[in-house]
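Novice: Listed below are the residues making up each chain.
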Amino acid sequence: MKDTQTKPFTLDDLKKEVEDWRRKRPETKTFSSFFTDPVDRAGGMRTLAVLCTTLISVPLIELANLLVVRPSLTIFHTTIVVTGTITLRFLTRPLLRLGCWAVRKKDKGIGKLIYDNYGKLLHLTIVLLGPSLKWYFRIDPDDIRSAGKFQEWINDTLGVEGIWVESDISRAVRHETWCPFVGHDIPYDPTCKGKYDPTYTGDKSCAKGCPEYCSVLMVGWLKDFLRYINPDFDLEPMKYMLPNGDDYCEMVYIKKQGHMEAEEVGG
Amino acid sequence: MNVLIAFYSRTGYTKELALIIAEELVSKGHEVELEKIEPVKEDNMWPLLWRTQWYWGALALGILSNRYREYFISNYRIPEVDIKPLAHPDVSKYDRVCIGCGKQTIVPCAIEAYLRQVKGLKGKKVGGFATWAGPPLKHFEVEHLFRPIADRLERRGASLVSIVGLSSRYHEYHNQMLNIFEFLSRVRYGKPISYFSVHSDYGRQHIKLFCDELVKGTTDIKDSRGWRRSFQGTGILGVASASPWTTLERMRTRFEKKVLDKA
Ligand SMILES: Cc1cc2nc3c(=O)[nH]c(=O)nc-3n(C[C@H](O)[C@H](O)[C@H](O)COP(=O)(O)O)c2cc1C
Numbered sequence: 025m026k027d028t029q030t031k032p033f034t035l036d037d038l039k040k041e042v043e044d045w046r047r048k049r050p051e052t053k054t055f056s057s058f059f060t061d062p063v064d065r066a067g068g069m070r071t072l073a074v075l076c077t078t079l080i081s082v083p084l085i086e087l088a089n090l091l092v093v094r095p096s097l098t099i100f101h102t103t104i105v106v107t108g109t110i111t112l113r114f115l116t117r118p119l120l121r122l123g124c125w126a127v128r129k130k131d132k133g134i135g136k137l138i139y140d141n142y143g144k145l146l147h148l149t150i151v152l153l154g155p156s157l158k159w160y161f162r163i164d165p166d167d168i169r170s171a172g173k174f175q176e177w178i179n180d181t182l183g184v185e186g187i188w189v190e191s192d193i194s195r196a197v198r199h200e201t202w203c204p205f206v207g208h209d210i211p212y213d214p215t216c217k218g219k220y221d222p223t224y225t226g227d228k229s230c231a232k233g234c235p236e237y238c239s240v241l242m243v244g245w246l247k248d249f250l251r252y253i254n255p256d257f258d259l260e261p262m263k264y265m266l267p268n269g270d271d272y273c274e275m276v277y278i279k280k281q282g283h284m285e286a287e288e289v290g291g
Numbered sequence: 008m009n010v011l012i013a014f015y016s017r018t019g020y021t022k023e024l025a026l027i028i029a030e031e032l033v034s035k036g037h038e039v040e041l042e043k044i045e046p047v048k049e050d051n052m053w054p055l056l057w058r059t060q061w062y063w064g065a066l067a068l069g070i071l072s073n074r075y076r077e078y079f080i081s082n083y084r085i086p087e088v089d090i091k092p093l094a095h096p097d098v099s100k101y102d103r104v105c106i107g108c109g110k111q112t113i114v115p116c117a118i119e120a121y122l123r124q125v126k127g128l129k130g131k132k133v134g135g136f137a138t139w140a141g142p143p144l145k146h147f148e149v150e151h152l153f154r155p156i157a158d159r160l161e162r163r164g165a166s167l168v169s170i171v172g173l174s175s176r177y178h179e180y181h182n183q184m185l186n187i188f189e190f191l192s193r194v195r196y197g198k199p200i201s202y203f204s205v206h207s208d209y210g211r212q213h214i215k216l217f218c219d220e221l222v223k224g225t226t227d228i229k230d231s232r233g234w235r236r237s238f239q240g241t242g243i244l245g246v247a248s249a250s251p252w253t254t255l256e257r258m259r260t261r262f263e264k265k266v267l268d269k270a
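Here the protein sequences come in this chain order: E and P. First residue of the first sequence? That's 25 in our numbering, and the numbers climb one at a time after it. First residue of the second sequence? That's 8 in our numbering, and the numbers climb one at a time after it.
If you're looking for bench data, these hints aren't it; they were derived computationally from the structure. Just to be clear, a hint being listed does not mean it is correct.
[Unchecked claim] Pairs of lysine-lysine residues, derived as DSSO-like cross-links and limited to a Cα-Cα distance of at most 30 Å, are as follows:
hint : chain 1 : residue 1 : chain 2 : residue 2
1    : P       : K126      : P       : K48
2    : E       : K263      : P       : K91
3    : E       : K48       : P       : K91
4    : P       : K223      : P       : K129
5    : P       : K35       : E       : K39
6    : E       : K173      : P       : K43
7    : E       : K31       : P       : K43
8    : P       : K126      : E       : K31
9    : E       : K48       : P       : K43
10   : P       : K126      : E       : K263
11   : E       : K31       : P       : K145
12   : E       : K280      : P       : K91
[Said to hold, decoys possible] Simulated DEER-style distance windows between Cβ atoms:
hint : chain 1 : residue 1 : chain 2 : residue 2 : range
13   : E       : I193      : P       : W63       : 28 to 36 Å
14   : P       : D102      : E       : I99       : 53 to 61 Å
15   : P       : N82       : E       : I99       : 23 to 31 Å
For every residue, glycine included, the Cβ atom is placed at its ideal position computed from N, Cα and C.
Please model the entire structure based on the sequences and the hints provided.
Specialist: Structure representation (C-alpha cells):
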C-alpha cells in the first residue's frame with residue numbers, strides 16, 4: 025500500500041451524493057425495458073445483441089477450441105493444474121511439517137538429506153507443472169506481474185491472503201497479510217506447545233521458530249518458476265515476514281534490466 | 008465514541024444505508040468518519056456476473072447438503088481486485104468500525120481487498136451492514152455474506168458485534184430476479200420483500216438495533232442470536248433455511264408429535 029493520503033470523504037459529501045442519487049436512482053428493469061431503453065445504456069438493444077451473440081458464440085468457440093484446435097492441450101493442462109491444486113491442498117500440512125523439521129535438523133543426518141533435496145523436489149514440480157501453469161494462467165513472459173499469478177494460485181490453494189501493492193510490468197510487490205501457518209490454524213512448528221497444551225501460557229505463535237521455510241524454500245520455489253518464465257525475472261530477499269513479527273510478508277518481484285537488450289545488441 | 012464507516016456501493020443503495028446509519032450515530036452524539044471504498048476499475052454488470060459463475064453450482068449443491076454449504080461458506084475464495092488508496096488506511100484510532108457493502112452473490116471483491124489492506128483492526132469491534140435484493144434469508148443472504156466477513160475479521164484480531172442486512176428492492180439483473188426473491192420471501196416469511204426494505208418499519212427498527220449493539224459491543228455475532236435476529240419470521244418452517252433432508256426430518260417429527268401422539 026502506498027502511503028498517499030487521499031482527501032477524506034465527509035458526511036456532507038455523503039449527504040450530497042445521496043441526495044443527487046435519490047433524484048436519479050437506478051430502478052429495477054423489466055424484461056420489456058430491454059427494448060425501450062436508449063441503446064447506449066446497459067440493458068438496451070445493443071446489450072441484448074451482444075449478449076445473444078456471446079451466448080451463442082461462446083459455446084461454439086469453446087467447442088471448436090475443444091474439438092478442433094487444441095483438444096489434447098486443453099484437457100491436459102486443465103487436468104494437470106486441477107490435480108496440482110488438489111494434491112497441494114492435501115500435501116501442504118505434511119510437506120510443511122517435513123520442511124520445518126528439516127530446517128531445524130539441517131546440520132546432519134536425515135534432516136540434512138531432506139533439506140538439501142527439498143528444493144530439488146520443488147524444482148521438479150516446476151519442470152513438470154511449469155508449462156501447464158504458464159498456459160493455464162495465460163502468463164506473459166514480459167510482464168512480471170502476470171508471473172505473480174503463480175503465487176496467487178499457491179496462496180489461494182493454501183488459504184494465504186495477500187494483496188499486490190505494486191503491479192508494474194517490471195516490478196511487482198506483494199504483501200501477504202494473513203497466513204494459516206503462522207500459528208493461527210495449523211501449527212507451523214510441530215513442537216508448538218501452545219497448540220496442543222491448553223495449560224501453556226507462553227507465546228502461541230508457532231511459526232516464530234521457522235521463517236526459513238518461507239524465506240529459503242518457498243522463495244526458491246517461486247524463483248524457479250520465475251526463471252522458467254523469463255531468465256530476467258527474480259525475487260529480492262524477503263525483508264519483512266509475519267513469523268518475525270512484521271505485519272506482512274513482503275515479496276518483491278523484479279525484472280533485471282538490460283540483459284535482453286545487451287544480448288540483442290550483441291546478436 | 009469515534010466511529011469509522013467504510014462502505015462499498017456499486018449502485019448507490021448501500022451508500023444510502025451508510026448515510027442513514029451515520030445520521031443515526033451522529034444523532035446519538037457519536038463522531039463519524041467515512042471511508043468510501045472504490046475499485047480502481049468498476050466492472051460492467053455482465054463481466055461481474057461472469058466472475059461469480061463458479062459459485063452458482065456450489066450454491067445449488069448447498070441447498071441439498073448443509074455440511075457442504077457450511078464448508079463452502081467458510082472456504083469460498085474471493086477474486087482479487089485493486090482498490091483506490093484509502094483515506095484512513097489505519098483504523099486503530101477509532102472505537103468502532105462499520106463495514107458495508109451490497110451483496111454480489113459473494114462478498115464484493117473490493118471489501119475483500121479492503122480487509123486485506125486496512126491496518127489496526129486488532130481488538131476492534133466491527134459492525135457489518137449490507138443491502139441485498141431479497142429478504143434476509145438465513146443462509147443465502149445473511150450467512151453467505153457476513154460469515155466470510157466475520158471469519159476474515161477474526162483472523163485480524165477483530166470481532167463482528169452487530170449486523171444488519173436490508174432489502175434494496177433493486178437487482179441489476181432485471182425484475183425476474185426480484186420476482187424469485189419475492190416468491191421466496193412470501194414462502195419463507197409470509198411477507199413481501201418491501202417489508203424488509205431500508206425504509207420500512209422493520210428497516211428502521213433494525214438500523215436502530217444495529218447501532219445500539221454496535222455501541223454496546225457485547226454480542227458475538229458468530230455464535231449467538233446475532234444471526235438469528237436477521238431471519239426470524241413466520242412462514243413455512245425449513246424452506247430456504249435448511250436442506251430438504253432436514254426439512255423432511257422436521258416435518259416427520261412434527262407429524263409424529265401433532266398427529267400420531269394425539270391419535
Ligand atoms: C453480481 C451481483 C450479484 C448479486 N447477488 C445477489 C444475491 O445473491 N442476493 C441478493 O439478494 N442480491 C444480489 N444482488 C443485488 C444487490 O445485492 C443489490 O442490488 C444491492 O442493493 C446493491 O447494492 P450496491 O449497489 O449499493 O452495492 C447482486 C448484485 C450484483 C451486481
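Novice: All the hints need checking, so say for each whether the structure fits it.
Specialist: Hint-by-hint comparison with the structure:
| no. | hint | verdict |
| --- | --- | --- |
| 1 | P:K126 - P:K48 | holds, 23 Å |
| 2 | E:K263 - P:K91 | holds, 26 Å |
| 3 | E:K48 - P:K91 | holds, 25 Å |
| 4 | P:K223 - P:K129 | holds, 18 Å |
| 5 | P:K35 - E:K39 | holds, 18 Å |
| 6 | E:K173 - P:K43 | holds, 28 Å |
| 7 | E:K31 - P:K43 | holds, 11 Å |
| 8 | P:K126 - E:K31 | holds, 18 Å |
| 9 | E:K48 - P:K43 | holds, 20 Å |
| 10 | P:K126 - E:K263 | holds, 19 Å |
| 11 | E:K31 - P:K145 | violated, 38 Å |
| 12 | E:K280 - P:K91 | holds, 28 Å |
| 13 | E:I193 - P:W63: 28 to 36 Å | holds, 35 Å |
| 14 | P:D102 - E:I99: 53 to 61 Å | holds, 56 Å |
| 15 | P:N82 - E:I99: 23 to 31 Å | holds, 27 Å |
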